[in-house]
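Q: Based on the provided sequences and hints, a complete structural model is requested.
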Amino acid sequence: MHLLSKDFDLDFLSTRFEALDFQLFVSNDDISYMSCIACWCEKSSQVVDNWGVIQNYLSGYYQPPGDIALWNTYLAFFCVETLPLWEKYKIQNDKYAVRKLVLDGTDKVLSYPEALTLLNNHLLGADLELTERDMDTTNSFSLSLGDYVRGTPLDSRVESREDRARRIDNIIKYLSQDENKKS
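Residue numbers (numbering that gives the first Met the number 0): 0 to 182.
No wet-lab data here; the hints were simulated from the structure.
Be aware that a few hints might be false.
Said to hold, decoys possible - Capping the alpha-carbon separation at 25 Å, the derived lysine-lysine pairs in PhoX-like fashion look like this: (1) Lys-107 <-> Lys-89; (2) Lys-42 <-> Lys-107; (3) Lys-94 <-> Lys-42; (4) Lys-89 <-> Lys-42; (5) Lys-5 <-> Lys-107.
A: Structure, rendered in structure tokens:
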């Protein structure tokens, strides 16, 4: 499955947000329909100031076909400048109306083909390749993940968040060390 550019009347967005450019991309697979409305911005403030309003317009004006397609609708922002980390986190983790993706710090306004390549890579993993590997049993994963995460606090206290972050960091460090040995 790949995303392809599709002609679609996005005047409900382009007339409201004249400084921004919009394009619709849809999957070439009818069974696993996915759509993505891409938005090009030069300044990070354009994304931060407008993403909420844009998603509201999408929820009212853009209805993809089928019930499952509602869950596979993305709003992707391509921004020349880099967004503040907290703003990017807030946008991408917002659950209302559509899923959001922020591809910032591009250093130039991306063309449609460049943006499409990035979307296919980020959303569909088009750049991933499968390779066969021999399983080396002498270097197998010695940490039982279930034992390690069992008992992790799930509440929202600061201490619990720090404990979760510390555990994740330890797992990443362990896996990075293992990966560096193999490469």
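Q: Now, for every hint given, state plainly whether the structure supports it.
A: Here's how the hints hold up against the structure:
For the given pair, Lys-107 sits about 24 Å from Lys-89 by alpha-carbon distance, which is consistent with the 25 Å threshold. Restraint check for Lys-42 and Lys-107: satisfied, since their Cα atoms lie roughly 11 Å apart, inside the 25 Å limit. Taken as a hint, the Lys-94 and Lys-42 pair is honoured in the structure, with Cα atoms around 24 Å apart against an allowance of 25 Å. Among the hinted pairs, Lys-89 with Lys-42 is consistent with the structure: their alpha-carbon atoms are about 17 Å apart, no more than 25 Å.
Simply put, Lys-5 and Lys-107 have alpha-carbon atoms about 23 Å apart, close enough for the 25 Å limit, and the pair holds.
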